[in-house]
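Protein chains: 2
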Amino acid sequence: MADPRPIALDAFGGDKAPEVILEGAALALAQGVPVLLVGDTDRLRGKVPRGAEVVHAPEVVGMDEPATTPLRKKPNASIRRIFELLRDGSVQAAVTCGHSGAAMACALHVLGPLPGVDRPPLCTVVPRKDGGQLVLLDLGANVDCKPQHLAQFAVLGEAYARAVLKLPTPRVGLLANGEEQGKGNAQVRAAFSELDAIDFAFVGNVEPLGALRGECDVLVCDGFVGNVMLKTVEGTIEVAGHVLKEELRRRPDALLGRWLLAGAFRRFRQRTTYDSVGGALLLGVDGVAVVGHGRADARAVASAMRYARSCAAAGLVAAVRADAARLLGPRNGR
Amino acid sequence: MADPRPIALDAFGGDKAPEVILEGAALALAQGVPVLLVGDTDRLRGKVPRGAEVVHAPEVVGMDEPATTPLRKKPNASIRRIFELLRDGSVQAAVTCGHSGAAMACALHVLGPLPGVDRPPLCTVVPRKDGGQLVLLDLGANVDCKPQHLAQFAVLGEAYARAVLKLPTPRVGLLANGEEQGKGNAQVRAAFSELDAIDFAFVGNVEPLGALRGECDVLVCDGFVGNVMLKTVEGTIEVAGHVLKEELRRRPDALLGRWLLAGAFRRFRQRTTYDSVGGALLLGVDGVAVVGHGRADARAVASAMRYARSCAAAGLVAAVRADAARLLGPRNGR
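Chains as they are written, first to last, in my numbering: chain A, -4 to 329; chain B, -4 to 329.
Careful: at least some of the hints might be erroneous.
Below are the SDA-like pairs computed for lysine to any residue, each with C-alpha atoms no more than 20 angstroms apart in a straight line [said to hold, decoys possible]:
| hint | chain 1 | residue 1 | chain 2 | residue 2 |
| --- | --- | --- | --- | --- |
| 1 | A | LYS178 | B | GLU54 |
| 2 | B | LYS240 | A | ARG253 |
| 3 | B | LYS240 | A | ARG244 |
| 4 | A | LYS178 | B | LYS240 |
| 5 | B | LYS11 | B | GLU54 |
No lab work stands behind these hints, which were simulated from the structure alone. The model shown is predicted, which means the values in this text are computed figures rather than measured ones.
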């Protein structure tokens, strides 16, 4: 039976909040996702989509404030309240498109890490050439990592791939600048033996090209490198799309060809646009916490809500908890 | 007056050497680039394209041998001899598609670093959305770097952009996971003040998306991150091209549209394919040294030859030497 509880949505997180968030909430509701909007009810009055619940949280954290503001100075911030509702069991999952540093700080503080997890990573999925999905982590939660953190990310990402993507034996790769063992920087070389000692399908070092072709299902790296990789994918898609558009418009007699292929171009854009997921998941905390793009539009907000619900419905947290205990448990003493 | 000296080409470097290299040499000659082939003359007999000079160097370094092999065990290796010919003034520049670690080791050992340069980086150019070119370095010569190495890369890349791309005031960016000062990992945060203290147009932290859109002309990072970024660009182009092809072939009635747009798709592939340059340049050594892809085809080999000649013709080494002395000179004492 589907969980009847709603997904908490931070109404005041994002560059165009609350308008775009409310549009996204309406879209999510229309798609069958139960929504609980969290924010200043005075400012939301008359704007709440039919069917959405509302919880009052009057304070807002600005993008220029420190990540710790909701923990230290604004206890009634919407970006904090969504995770308290999740901790208390009122909602299935929590979504914000607000200050990502503050979101991670609140999720970790309020929900707490799962046993064996020192530093929860952000993860998302990237479409691969072979039609599969690549789980990429960390995307920027931890820019300076030790080898054992990469090992933890690997276990969390592997549990995600089994629970959410339903892969029976996800192949785990370590992002490096070459496939041979011994490639990589000092951090990666040290992490190799950590990953190799874990009881899962470790396929060794994987290069970005190989990962995008489908050589692994989970790709592990530190948050600085993962952020560069994800944003390079986004940037390259943007450049390639722009170049394609320029070339297609170069000659007026190409108009008919463009018209004939319009459907193909539309599907190409859909398949290579990254708001299909709508946000990154903070893995390794005790609850499903999704952090969306600050510049998310209504469609991306609704995608993030659906994504959060699918992770909750897949029993992600219980699966990750079990795997972390099994694979990281005996290693905690270090 | 154009330099009449040839470009030295390692005939036995690359996955399909010497056949593909010889085809590339013929192509380069046809395009007006004087070629000096370096390799075992017995094995080249009867295969040398008309107009190419040949120098004998009987030893070959395999891809599975240590990078130091041509320095320690095979002094007559073709991958070493090309740089000796360059050092002695017999050629304008040297090109190899062989073992890249061995190529860098030989170039550094034989040519020597320019004053002020501790660790020569590999650099290339990537097409930007605005039609410009992004100079990206280091691409993998130095996977573990100190902040002062990033500062040296910046000076070398800026000199390249002025000398070869003819930009009067290249904008230099530091690759990071956010634009605000204070973003980045520990290495990037420390490098920020180093770059900020140099007398050139430093624009601060730049994200991959911003760099690909045109926010800077030179993007600096360590060799691990730069390698990941370059290979992610290549991988994303490959995935996007594959998805586009799949969508275009999905319906048979799209055939006419594809035929009408064939020219546009061809130009799109040309503009987004990275063998337009054909290789990476080892910056900061005393000579123009180009390291091509091991899997380079004949066209890529010819591109690498033209690229090497254009760098030599632009007076790259003298420009880099002058800038390194001016901008790094007083800092050498550290």
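Checked hints:
| no. | hint | result |
| --- | --- | --- |
| 1 | A:LYS178 x B:GLU54 | violated (26 angstroms) |
| 2 | B:LYS240 x A:ARG253 | holds (15 angstroms) |
| 3 | B:LYS240 x A:ARG244 | holds (19 angstroms) |
| 4 | A:LYS178 x B:LYS240 | violated (33 angstroms) |
| 5 | B:LYS11 x B:GLU54 | holds (16 angstroms) |
Consistency with the previously given hints fails for numbers 1 and 4, ordered from lowest to highest.
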